[in-house]
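Let's have the full structure, built from the sequences with the hints guiding it.
Protein chains: 2
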Amino acid sequence: MSTESFLTDFHQVAAIGATPAGGVERQAATPEDKQLRDWFTAFAAERGWPVRVDSIGNLFALVEWRPGADYVLVGSHLDSQPLGGRFDGAYGVIAALHAADRLAARVARGEPPKYNLAVVDWFNEEGSRFAPSIMGSSVFAGLMDEQEMLRVTDSDGITVAEALEAIGYRGTDERPKPAAYAEIHIEQGPVLEREGIALGAVDRSWYTQKLDVEVLGEQSHTGATAMADRRDALVAASKVVVLVHDVTADFEPESIVSSVGYLTLEPNSPIVVPRRVHLVADIRANAPEIVQQARALLLERIAAVAREHDLTIDVRDFDVRPVQHFPEQGLEIAEKVAADLGAGIRRINTMAGHDSVAMNRIVPALMLFIPSVDGVSHCEREFTSDDQMAIGVDALTEATWELLQGELEAQR
Amino acid sequence: MSTESFLTDFHQVAAIGATPAGGVERQAATPEDKQLRDWFTAFAAERGWPVRVDSIGNLFALVEWRPGADYVLVGSHLDSQPLGGRFDGAYGVIAALHAADRLAARVARGEPPKYNLAVVDWFNEEGSRFAPSIMGSSVFAGLMDEQEMLRVTDSDGITVAEALEAIGYRGTDERPKPAAYAEIHIEQGPVLEREGIALGAVDRSWYTQKLDVEVLGEQSHTGATAMADRRDALVAASKVVVLVHDVTADFEPESIVSSVGYLTLEPNSPIVVPRRVHLVADIRANAPEIVQQARALLLERIAAVAREHDLTIDVRDFDVRPVQHFPEQGLEIAEKVAADLGAGIRRINTMAGHDSVAMNRIVPALMLFIPSVDGVSHCEREFTSDDQMAIGVDALTEATWELLQGELEAQR
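Going down the list, the protein sequences come from chains P and H. In my numbering, each residue's number is its place in the first sequence (first place is 1) plus 20. In my numbering, each residue's number is its place in the second sequence (first place is 1) plus 20.
No copy labels: a pair is met if it fits in one copy or bridges any two.
Computed cross-link-like contacts, SDA-like style, restricted to lysine to any residue with a CA-CA straight-line distance of at most 25 Å:
hint	residue 1	residue 2
1	K197	G426
2	K197	I382
3	K54	N288
4	K54	V172
5	K54	E286
6	K134	E352
In short, the hints are calculated from the structure, not lab data.
Put into structure tokens, the structure is as follows:
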């Protein structure tokens, strides 16, 4: 398949769930997510590839040359953030489908490779409708409990199980047995663009953790209660938000990110001083020590805020994700492929979580990045050019070819 | 009726919508609000008093001695904040019903007064489910548009009109024509308790206004976007919350209150830097100049936050409520009644809004306070003792008797 046919498909898919400002909104297991899955299924059906859906909604298109052999899995996710960008996730799945199509044509003219191929759309990578993120691949890899995840609810009380049934993608099919995994994704950061390099070979993920923070003050009347008599949960929580942001200034630039994306207050009435605020802080750094130092500084500073405002602030660690190293063999494959294509490549960390990080826990994984204009993501102005995307599809195709030959194996 | 029968009724009503921590939750036009209204209606029916419901859900029990004469209105509101106290509002309505019962017995033994009497439960004083607050009395007084208010929705999209119909309290009855208004309420502040005085005669309301603040940043990935590339709407909004709180320190203690009770963010996903925050600040002071100075300081400081974070912060004034003076004649009536009862009384400002402030725009109004333990309100530990409540019922009864004789009239 040509670059043109890839670009045609990519831009057609980007019209599904499109927003006026150039982004997309297709959160997990919504009607828009179903439309993308139907498109994926039709792509496979046109080529005679069997499709499987597992019990957490992961979707696989199988390209089989050796009955009974294991599979090289290649893919990413089709779901998006609310008002998200059109590249995050979808690019990697569409690139994987086109890589598979090119490789199927190549095999038809020669010897079958060692492994079969499966293109995958992982369920709910984004975690915006159903927390936590990276759900489908983590269940696949045995890192999260499937029954527990099926019971997770969205803000309307709908469970993952109900939402998957509603769109017809709660399957019962056997999962393809993986031998290795490959994924391509936009960088979502500024490094490749700044250095003018076409490809990144991801060498490791950042250390990440979340803090679940509950601020318990006292509800009172915004008009009638004197300032000295108040224990305002929102004022204290606001200081926590600023502390979470400002702690990054204690470290080297670009070595750490930290922010609060989720916050709710009760009772949230314009004339009532809030009694309770619940917020989630997300801290990530390129070394565990940095996250741990930032966490210790925050705990100390948050305790001071609680004392100052005479209220309770409970802080709980969760979703701790250690640094994952991607195998050296995969990095070398990526570098060889880039050299053959005449494309620049560098090794790079990923600050964001990815399905590849979960898969790398059970099979050797290879992850490629292409540049993000201005380094932005999870927003409508996320952008990568057609030329940059085309190089990525070529690189993913050749890297997958190497994996199909058994060049990236656990025992090496 | 005796003090005992008042206290029995008060504590029975406090059990409706009771919360485990000793408060109540009966927001406007909920099933709990309906239960209180049904209790009010039954109280009137037992005494043969006709009940009227107007088209914004205000509920009136009429005690008529002179067909065709105007009415002295006496009452407050039965709705509460979420997890509110059992005294705020309900005390004033139950006190008014008992005052009416005592006066009906007094008139049965003597000459009818100049005016008829109507006890009123104003719809939606709290404004927590349907904004703005003080809705029923403001529509009655012609200060808010009835059709507009009927279209106001709660967070589930239910309109005031639908909610009133659902509980069977959207009426079509003619409104009683008012000659004067009386109300008793808990202070919701610390003054009476601190000074050990049984009664407050409200001489004026505070100047109040709200600021509607919208912070517009840019949505991005909490993990992958470098700190320098972010325009985080929540960090900027948190600084605004702290500024709104801290501006009070620029003025005399207890001359001003200022806070944010309402805040929402979008998209509110743990791994997305927020793009938009909407919040409402509430500023009140005992003089207009203080609110205006605080507002000017805030506008300047908020603009600096917008510049610092390279984002847009729009601030809009709304719900400006000028200082209202209660008539001198009413204060003198309150002082005479207290002296006759041997109870202490002082003149006092109200920091909170009340139905009496709206009614005072169209007829002369008299408002009494009784103490609030610790000065707290809009919370479950709101408290006033039985003895303090009993003095208030006696004072309201005698003050209403004066009003029924025409002692507080517009033309005086």
